[in-house]
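Asker: Protein chains in written order, with my numbering: chain A, 1 to 294; chain B, 295 to 638.
Mixed in with the good hints there might be a few duds.
As the list claims (entries may be wrong) - Derived Cβ-Cβ restraints for the label pairs, each shown as a range:
id: 1; chain 1: B; residue 1: Leu522; chain 2: A; residue 2: Ile33; range: 50 to 60 Å
id: 2; chain 1: B; residue 1: Met424; chain 2: A; residue 2: Gly187; range: 52 to 62 Å
id: 3; chain 1: B; residue 1: Met424; chain 2: A; residue 2: Gly146; range: 28 to 38 Å
id: 4; chain 1: A; residue 1: His26; chain 2: B; residue 2: Asp382; range: 36 to 46 Å
id: 5; chain 1: B; residue 1: Leu522; chain 2: A; residue 2: Ser196; range: 50 to 60 Å
id: 6; chain 1: B; residue 1: Tyr463; chain 2: A; residue 2: Ala117; range: 44 to 54 Å
id: 7; chain 1: A; residue 1: Ala117; chain 2: B; residue 2: Asp384; range: 21 to 31 Å
id: 8; chain 1: A; residue 1: Leu40; chain 2: B; residue 2: Phe454; range: 56 to 66 Å
id: 9; chain 1: B; residue 1: Met424; chain 2: A; residue 2: Pro16; range: 38 to 48 Å
id: 10; chain 1: B; residue 1: Leu459; chain 2: A; residue 2: Gly30; range: 19 to 29 Å
What the hints assert, rightly or not - A few chain B residues that don't get close to chain A, going by computed Cβ distances all over 10 Å:
id: 11; residue: Glu334
id: 12; residue: Arg336
id: 13; residue: Lys341
id: 14; residue: Leu357
id: 15; residue: Glu388
id: 16; residue: Leu393
id: 17; residue: Arg427
id: 18; residue: Leu440
id: 19; residue: Leu467
id: 20; residue: Ser592
id: 21; residue: Thr629
No lab work stands behind these hints, which were simulated from the structure alone. For glycine and all other residues, C-beta sits at the position ideal for the given N, C-alpha and C.
Next come the chains, spelled out residue by residue.
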Amino acid sequence: MPEATNKVVVPAGMPPITWRRRLMDHFMTGVAILTVVLVLAPLVAIFGYLVYRGVGSINWAFLTQTPKPVGEPGGGMANAIVGSLLILGIASVIGVPFGIGAGIYLAEFGRNRFGSAIRFTADVLNGVPSIVIGIVAWAILVRGHGFSALAGGVALSIMMVPTICRTTEEMLLLVPQALREAAYGLGVPRWRTTLSVTLRTATSGVITGVMLAFARVAGETAPLLFTALGNTYWSLRYDQPTAALPLQIYVYANSPYEDWHRQAWAGSFVLILLIVTAVAAVRYAVRRGTFGTA
Amino acid sequence: MANPALPRPDMPGPQPVEGTKVTSVSAHRVAPLLRVSGGEIRDVIFKSVMMTCGLAVIGVLALIVWELISGSGLSWHAFGLRFLGTSDWDPVNEKFGALPFIYGTLVSSVVALIIAVPLGVGVAVFTTEMCPRALRGPLSFFVELLAAIPSVIYGLWGIFVLVPLLSGYVQPLLAKSLGWTGLFDGAPYGYGMLAAGIILAIMIIPIISSITREVLMVVPQHQREGVLALGATRWEMIRVGVLRNARAGIVGAVILGLGRALGETMAVTMVIGNKPEITKSLFAPGYTMASVLANEFSEATGDVYLSALVEIGLALFVVTIIVNALAQLLVWTVTRGQPARGHA
């Protein structure tokens, strides 16, 4: 019986509610409200400042031109925006299939020791600092080959896999067993059931995981520092140093030039817009998701 | 439960029609799901492909460990354990000691925890126990929005908003009121451990508060009702009935936040001042393990230098893994295991 095991611990013989206890109650409520205010204050300050500095700093040149030489005002981050998309594209192309595949394995075949090992590894991988992943990507793909968009993409894909893998597993497990059994009963082979019935039913949830992983790595800077490196010119090749929005923001923020500071704010605004759009899309998808019956 | 869908004995199931030769093309068109040829072998292939993806996860982690260990070998042979205990960082003479970075990482993370734990737990308690139901969703959404902001934007905001604020107002005030402790000593430049700690605190609050909220929500409702029925005020109910039961999980949430703080790179690098010194004052600039990697890795010349940096990476990796594993374990005991019992 749960009542027996969950013994409620109460000081013996609670006294009647005195003004002192009532005051304490009000005081702690006040403290809790204060913590909420203190937490929301930086949020408002950061977003407010981002919008205030960002909107004022964005112009056509920022979105269409490449950076001007050091110290010269004007120019933009067009190459960094495109470069970011290129790197994120590479990361998604590698990370999404592996993540979903591993998730499918865990949900459909992973009720064993090997599955637990993968689960544990994914959780560990999730906690590895991004800069360490950058070092490893450097050691494998950059040393001896040179900086490249591919190395940056691989570093980011390593960060995407654990998130996608665990959400995919969770979502697939939400799909009712009866649905699988129905498919088996019709003579559908197991692989076909998994792909056409189970995965299909869980599509919106799996996409949620992918978008969360995407949003998480979209703003990552540390793993790109010594993989994609950055570039002041256009580059659309996978094997060349490539500009990325977060890298550009980092460099510009640390520079002594007023105009670069402006562009750093503009770049941050574009970046946050990208991420917030992804997160909002996820929340929208989840709210009207197809899990009504699950 | 009676199942009307079960076939009755007088109604035979669909029988194969004799004499109809089913070609694979027409079968594909009519009922693609019913194609059975080679089903077994495809199942095996499918399973092994999915397994390969799973293996890749393990392989990547193994690769990380291998690269870090093999990359730091040179430094390990040159300095041994002294590497972690000495504080010279002199790339020119190839003398390396990681102590200032370890110190900086620890101090900035501890400052962050001191600020973030009361705030994060407070917000979680407010959202689960106190606030009107309608406010719950939006409030947790806004707090979690903090987690969506990229590290580099925190750094940018730190440089242009937080640092001037600290050097102009907060630090003089702290120096005047608490200067005697020695913790708030020196010139108020803004950049330094304090700024790094505050930025880190803002970044880990969403983790601490969302996991604490999860933990608080699994505390059974009858615990709350029981304490209230005994005549407790709401705060007493929270303290006795909720927080005490969720203690282990809250500690787990805090440690998870610590894990994030230890490995955080960009924002810290941008505001901590990047000076490999060990000083007591929080106003002084410092350096963390992650930020030395960010700053010096791509410019490191010489194999020993590079190897020393990789060894810092290895140390960071090991510490974060231990911290995260511990946290997972603690959260797990509360959310999935037996409900934690308050002791008498």
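Asker: Could you run down the list of hints and mark each one as holding or not?
Answerer: Against the structure, the hints:
no., hint, in the structure
1, Leu522(B) / Ile33(A): 50 to 60 Å, "violated (21 Å)"
2, Met424(B) / Gly187(A): 52 to 62 Å, "holds (56 Å)"
3, Met424(B) / Gly146(A): 28 to 38 Å, "violated (56 Å)"
4, His26(A) / Asp382(B): 36 to 46 Å, "violated (56 Å)"
5, Leu522(B) / Ser196(A): 50 to 60 Å, "holds (51 Å)"
6, Tyr463(B) / Ala117(A): 44 to 54 Å, "holds (52 Å)"
7, Ala117(A) / Asp384(B): 21 to 31 Å, "violated (43 Å)"
8, Leu40(A) / Phe454(B): 56 to 66 Å, "violated (20 Å)"
9, Met424(B) / Pro16(A): 38 to 48 Å, "violated (23 Å)"
10, Leu459(B) / Gly30(A): 19 to 29 Å, "holds (25 Å)"
11, Glu334, "violated (8 Å)"
12, Arg336, "violated (5 Å)"
13, Lys341, "violated (6 Å)"
14, Leu357, "violated (7 Å)"
15, Glu388, "holds (20 Å)"
16, Leu393, "holds (19 Å)"
17, Arg427, "holds (16 Å)"
18, Leu440, "violated (5 Å)"
19, Leu467, "holds (17 Å)"
20, Ser592, "violated (4 Å)"
21, Thr629, "holds (14 Å)"
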